[in-house]
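Order-wise, the sequence lines are chains A, B and C.
Going by our numbering, the residue at position 339 of the first sequence is 339; the numbering climbs one at a time, nothing skipped.
Going by our numbering, the residue at position 55 of the second sequence is 55; the numbering climbs one at a time, nothing skipped.
Going by our numbering, the residue at position 63 of the third sequence is 63; the numbering climbs one at a time, nothing skipped.
Because the hints were derived from the structure by calculation, they are not lab data.
Only a predicted model underlies this, so the values are computations on that prediction, with no experimental measurement involved.
Ideal placement from N, C-alpha and C gives every residue a C-beta, glycine not left out.
Pair ranges (Cβ atoms, derived):
(1) A:VAL474 with B:PRO469: 43 to 53 Å
(2) B:PHE33 with C:SER89: 57 to 67 Å
(3) C:GLU95 with B:VAL630: 18 to 28 Å
(4) C:GLY75 with B:LEU605: 41 to 51 Å
(5) B:ALA607 with A:GLY476: 34 to 44 Å
(6) B:ARG615 with A:VAL440: 24 to 34 Å
(7) A:ASN349 with B:VAL630: 26 to 36 Å
(8) A:ASP80 with C:ILE16: 49 to 59 Å
Below 27 Å or equal to it, Euclidean Cα-Cα: the simulated DSSO-like pairs (lysine-lysine) are:
(9) A:LYS472 with B:LYS35
(10) B:LYS323 with B:LYS185
(11) B:LYS604 with C:LYS100
(12) B:LYS387 with B:LYS323
(13) B:LYS185 with B:LYS604
Short, incomplete list of chain B residues facing chain C, as computed with Cβ under 10 Å:
(14) ARG614
(15) THR618
(16) GLY619
(17) ARG622
(18) ASN623
(19) ALA626
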Amino acid sequence: MDFVAPKIALSGIAPEIALAATALLVLLADAFIGDRPRTLRPEHGSARPGSGILGNRWHLPLLSLIGFGAAVYLALDAWDRVDATGATTQFSGMIAVDGFSVFVKITLAVFGALTILLGHEYLVRRDLEEGEFFALVLFSVAGMMLMASSADLIVTFLALETFSIALYVLVGYQRSRLDGQEAAMKYFLLGAFSSTFFLLGIALVFGATGSTNLYGEGGITSFLATTPAADLSLLVLGAGLLIVGLGFKVAAVPFHMWTPDAYQGAPSPVTGFMAAGSKLAGFAALLRLLDVVLFPLRWDWRPLVIGIAVVTMIVGSILAVVQDDIKRMLAYSSIAHAGFVFTAVIATNDRGISGALFYLATYGLTIVGAFAIVAVLGGPEERRTRVNDFRGLFAAHPLLAGILTLLMLSLAGVPITSGFVAKLVVFGAAVEAGYTWVVVVGAIASAIAAFFYLRILVVMYMVDAEVAEEPKAVMGPLSIGVIGLSAAATLVLGLFWSPLIELAEKATFFAGP
Amino acid sequence: MTFAASTLPTDEATFAQLIFGAPLLGAVLLLFFGKRLGKLSGIIGSATVGIAFVFGVLSFMDLTSIATGHGENARVLTKSWFTWIEVGDFNVHMSLVIDQLSIVMVFVITGVGFLIHVYSIGYMSSEENYGRFFAYLNLFIAAMLLLVLGDNLLVMFIGWEGVGLCSYLLIGFWFEDRANATAAKKAFVVNRIGDFSFLLGIFLLAVSAGTLTFAGINESAVSGAIGGSMATVGALLLFGGAAGKSAQIPLYVWLPDAMAGPTPVSALIHAATMVTAGVYMVARTFPLFEAASFDVLLLVAWVGGATAVITAIVAAAEYDIKKILAYSTISQLGYMFLALGVGAYSIAIFHLVTHAFFKALMFLGSGSVMHALDGETDVRRMGGLRKVMPITGWTFMMGWLAICGIVPFSGFFSKDAILAGAWADGQYVLWGLGVATAALTAFYMSRLYLRVFEGGVVMPEGTHAHDAPPTMAAALIPLGILSLAAGALNFPGGLTFEHFLEPVLGEPEVAHGLTAWLLGGAATVVAVGGIAVAWALYLRAGGLQVRDRTERMLGPAVRAARNKLYVDRTYETLILQPGRDLAVFCTEVVDRKIIDGAVNGTGKLVAGSSELLRRLQTGYVRNYAAAFLVGVVVVFSILIVRVAA
Amino acid sequence: MPITYLLILSSMLFSIGVYGVLARQNAVLILLSIELMLNAVNINLVAFSAMFGAEGVAGQVFALFIIAVAAAEVGVGLAIVILIFRNRSNVDVDEMSLMKW
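Kindly generate the complete structure, drawing on both the sequences and the hints.
In structure tokens form, the structure reads like this:
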């Protein structure tokens, strides 16, 4: 009997498949060629690659990077297809293949690759196992990518869990750190808790529409087109819970409580990855859900999201002011940034969507660099992450202090940095949609935010005699490379932003029914 | 009047980027190698600014060599580097413009900037972070040049933020002292308020005018493409930014505190250049202000006039030499806004120029005094210093006479023109405010000058006053000459300066003929009166104490015979005491309580609510879950209400 | 059986789960409470699925997915619990507040 394999178009999730396959390969290779740390293999002894940072442990990171390279290649390939034939869906309408998802995937691959580079050096210096780390990063990026291209709430849920579970483990990766364990526990419990609400939301949407599919026949889009407004109440309530679940992932107030603790306790490369990737994935799902699928219901969900945006911007900025720990402060700042992106979500126009993509891409590049600097200055257990520990940084490492200045100015939204352009774009979209007052609130929030970025700068340039211990950066070529890249991206995108914005605009088209 | 819209990137202004590139290069050099270069930093810093000045002269020659056959507007040189933003029809080019207005600003910035750099070589010679100081100073010059050369609001905003940052860094230059760091922070925060207003204005204009170039905005303002109400909001927002940077009511409070920085910084940034950025901005965008349906210009004039009077009163009650000069600067900036508000734009710029000369001169002179007296700033502990330090004394006298408005010093011509402009505009109350300010100015500046430089020699014990060292003198003397002679730029009759600026700023309407003579005469009388009162009260007050002691010895009979004393007393109770009370009221209540209170209050509100909110972050995961649940309930309630409705 | 009964059962179960998460101090019990909530959602989905008949088979499929994912989640959760137990020899979540404010 002949077995005829069913024809399945894979181009839509080829990047995810490549990443998952690479992750499995990494795990497999780790078992054979992986270099176990001394603590587990005492006989290994003096052969530690302490001096050469790449040492003899370059196989796994290289493999992971190849995986990301393949993912980017496959994403570009998918781009060519959708560019030629238009957006489609695959897997019986479960996967959307459109410009939006491709843009998000490439951005995520870049974040992932940067995390691998940083993580490699971070782990080798701290003598920690590497194989699982790379595999987890690969898996979680695969999950995040799937978030962007899911056209069915089942897929969205699976993608959400895929990257969340990987992140729970990554947060507590440095097992010896008490705060790391605690962070993992808190993040996990709250994450699981919020997932159940997300699921309840899906159940309600299913109950209202009889489908979990976004675009397909009988799916949510066509349901909305054919049903009178009065019968939509269950759907609106379900959508509210979906916003709650995704709001948790992007750290929107009041679902943000995990953020400072998890960001503080996690190893800094992971924190940077969470800030950049998790936010992008969450917003990708939110943008598709709210601005495209639930667009007809915008009058129902918009007041709610405006409320979330306003509260998030204000609370994030205000709480950051009094933080003494720089990771915690950046966590609150990331909350505020989520609020700024929400102003683009409420605009519900193409400019808002492309603006949000631009915002998240530039913010990710900046924040990864900022946490890389925290990582190289933090010491082995990241105990030196208080703002005062940065005292005298300019005297000790002028160039590093200069770069940190640039990154902080970008986060504050000062011109000639990418952060300024990003704010300009999202605020512009909201103004265009007629929500000027939200932008005014955003401007006030950024004014408050200028306080705490400034505080770091002031401390850094102090050269007084009271410096208990001079900041000491421990960094190798990989960290330097990532920090340099982040700084360069922040500056270059602050000066020549048009290409990236145009790309984001070009990518703003979605699969439809 | 027509405006040339800059649609195509052009490359006419050969030297524009060199003007601002030279100090930028200097800043980068000094920032990285400042420590190694040692004393060479000062020379490099000064030289780059000097080079910028030379390029400014070359650009000026370029500009004047253009044939003016196709109307005056042909005299504009632009330089585009690249397209910065291109979103649909909306373009922003990274481009610079050299026209009559920006070249004047370039001359002021690089000219006065150069002299102040040279001065700083001597003034900061014993400073540890010598290189860093010049790096910041050069960076400031570069940013300020970018601000005035930018041909659109966004480029201007970059310069705007850049000068703000440099100002912050330089006010807090001696940040080891907590007060200085606080002052720097205050300046930064207050400026941020203005900056956000400016930024919102930029957003608004980008949306409503579809362009950010000055030419484009002005054109759509004149043609009515921007509606009257939109223009009103835009102009108000821009003016909010200008009021912050140029220290006008209610945002002036940062400037007196900013005197915590080194004196050359006060002279350069907080007198001659940065604080005038707001004046420049309003002058640049004046058609927008004129297109507003609500009379924003009148508001500008009133804010300027009120600021001028109130801060002049405060200045009269201060004893700190730098604080007096700071309040005086605010007061003079008020004059400039008054001029803008009555439509005399080129006169505002003229006063900006003369003020840059004489106020920078006086700041540098006060720096020289402080340098000589080991940092003493209290005028009550100084006296007769012209005998001890003649160069400082004589040059300061030039500045004093200029600001008092005595013929033929430069200040007379610019101030007189402002008053004449207010009169011609029919704003007689504003004219009255201006005259009152003129009298007060003459009074408090004379009080300062006479106390410090005339009369018997008074110095704090243990100081050995000496005159300014050569580099400092080298800056004082040219500025002294300019304060004396800069009026020649715009002598009545010739009015060279106004005509030069006419293509950009239009022709100001001022009083003519007999009225002009009468107004000028009135201003002079008032100025002389102010000086006379100061002379009577302060220069002779030193003698008064001596007389007092004699009287006590000789008994009450003689004392009673001295009627003049009662006159002085009457002056004291009837004029000075209420004046002082008003001044105290302005300083203590209006300035410290209301305005400072509002600023500090905002800060406290943020910090306080932050302290309160962070208590919610208890660290207990169950509380986090509870907060999450509260959020869910709120979301659900909102949606249920929404659905039910 | 009217679908209302099932929905009431589901919401009661969900609420009990929420209460458990908020009221228990033991991390394992919190995990169990979360399982309760997940199963409440499962009941919900299956009930809706039955309501829609053959068209609504997606609901049952989804319930299976949830069961599988929940297992993975509990695996990671218990691993974290064990890690913490090793260090502190209890799993009381109220003693985990190194990081706050």
